[in-house]
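Novice: Take a look at the letters that make up each chain.
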Amino acid sequence: MSDTNKVAVKLTINGQTYEKEVKPNRLLVDFIRYDVGLTGTKEGCSVGVCGACTVLVDGKMVSSCLTLTPMANGTDITTIEGIAKADGELLPIQQAFIDQGGFQCGICTPGQVTAAKALLDFNSKPNEQEIKEWMMGNLCRCTGYYGIIRAIKAASGQEVEPIPGASD
Amino acid sequence: MRGFEFHAPSTLKEVHNLLAQHGENAKLIAGGTGLVLMMKQQLVVPDHVISLANVAELSGIASENGSLRIGALTTHRTLEMSDVALQGASLLHDTYKHVATIRIREVATVGGALTHADPAQDSPPALLALGASVKLANGKGERTVDLADFFEDYYTTVTEPDEVLTEVIVPKQSASAGAAFLKFLPRTADDYATVCVAAVLDVDASGKCQSVGIALGAAGPTPIRATDAEAVLQGQQVTPEAIREAAETVRAAVDPTADIRGSKEYKTDMSVVFTRRALEQAFANARS
Chain U
52 MSDTNKVAVK LTINGQTYEK EVKPNRLLVD FIRYDVGLTG TKEGCSVGVC
102 GACTVLVDGK MVSSCLTLTP MANGTDITTI EGIAKADGEL LPIQQAFIDQ
152 GGFQCGICTP GQVTAAKALL DFNSKPNEQE IKEWMMGNLC RCTGYYGIIR
202 AIKAASGQEV EPIPGASD
Chain B
5 MRGFEFHAPS TLKEVHNLLA QHGENAKLIA GGTGLVLMMK QQLVVPDHVI
55 SLANVAELSG IASENGSLRI GALTTHRTLE MSDVALQGAS LLHDTYKHVA
105 TIRIREVATV GGALTHADPA QDSPPALLAL GASVKLANGK GERTVDLADF
155 FEDYYTTVTE PDEVLTEVIV PKQSASAGAA FLKFLPRTAD DYATVCVAAV
205 LDVDASGKCQ SVGIALGAAG PTPIRATDAE AVLQGQQVTP EAIREAAETV
255 RAAVDPTADI RGSKEYKTDM SVVFTRRALE QAFANARS
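Protein sequence lines correspond, in order, to chains U and B.
Using the working numbering, you'd call the opening residue of the first sequence number 52 and step up by one each time.
Using the working numbering, you'd call the opening residue of the second sequence number 5 and step up by one each time.
Bear in mind the hints are in silico, worked out from the structure with no lab data behind them.
Each hint should be verified, as a subset may be incorrect.
Unchecked claim - Straight-line C-alpha distance at most 25 angstroms; calculated DSS-like pairs for lysine-lysine:
id, chain 1, residue 1, chain 2, residue 2
1, B, 176, U, 176
2, B, 212, B, 176
3, B, 101, B, 144
4, B, 101, U, 183
5, U, 61, U, 74
6, U, 57, B, 31
7, B, 139, U, 61
Keep in mind that this is a model prediction, so the values were computed, not measured.
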């Protein structure tokens, strides 16, 4: 089978429509990063485990590293670049990641924030267990999980423990 | 990943036509969480990939005549969240919510998981314990296959190259039955099981077993229905001793492969232990 056959895809990313011809084996994560140029979405494990490549496809969390681009034809995709409001104002969940130290090295953060947004869209006030169950598909190799959980709680108007070691 | 031709039919009839044409050289793709991984590793190198995503007639959960009929394209997440499924067979809810992570469950499909036939998956034991069957269709007709006869070997099922798994039919769990799905996860919560066990147990007022279904995953080249264990309990008084005796029979039924999750001997022992615990829990749930 030749590698040259291409298929036409039309999909919307962060409100903008893209019509392109792609090889069927073009992974969605590569399409987003290299064909469209939105490099906020990261590729970590490449096997659907780490969650760094999480994007929202028609509002649902998807591993873009396991999605063939033609499978996303016709869908409406949100990446980390499309989470903030159009004027650049951060969503409460983004601000909460900053305020609560919800990241360390940052490589997992686009996936974490995207997953957290999907959680709050689904459940506006998740308890700690619900947060852990939802977010367990997004790994942080720095193990900064407490900050992430705090950020989601804070963004949903819940009381949070003070950041350990932070002075007032 | 090697190149291929991509097809996106919108009706089952078109799928049948494409399979009739490309059959042996084609793979069907639904959520893709299993197949794309195998294609990346070139364990599967199809010339044609046929997406079922637009075949709307393959989705949905219906309750009728004592059975649940689950369209093959129904996602794990949809099944996990379905009240119809929960009321028809609580074991399905208890099982599907343990598969991988929510992100995977949002796209991985009920039918796709079965045809993928990785023996370490969670859903086949639950479906086996409930006595499920699957519908396989080609352009000429369809057949119903008992799930116990469906799996042949690692990643191998009786599905012919021109067939599509269209539906899973699950007899409803008796309202008086207790069920349990136990997944032994010594590493991480999103891992494949070291072993997993599903059990459904119905007892009468005196504690006598009216019906029982027991099945294991990650314990051999295919999911395993523990028929010897079921035979020990069927029609008998359910006691701790009887449960131990039933669980002990799975030692001869399993054939696990050593891997990072444990040796063959360890997994065999854990198969016995977790069968016992699943039966104890199912029994407690039946009595409560």
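Novice: So, for every hint listed, does it hold in this structure?
Specialist: Hints, one by one, checked against the model:
no. : hint          : verdict
1   : B:176 / U:176 : violated (34 angstroms)
2   : B:212 / B:176 : holds (20 angstroms)
3   : B:101 / B:144 : violated (36 angstroms)
4   : B:101 / U:183 : holds (14 angstroms)
5   : U:61 / U:74   : holds (14 angstroms)
6   : U:57 / B:31   : holds (18 angstroms)
7   : B:139 / U:61  : violated (34 angstroms)
In terms of the numbered hints stated before, the structure departs from hints 1, 3, 7, listed from lowest to highest.
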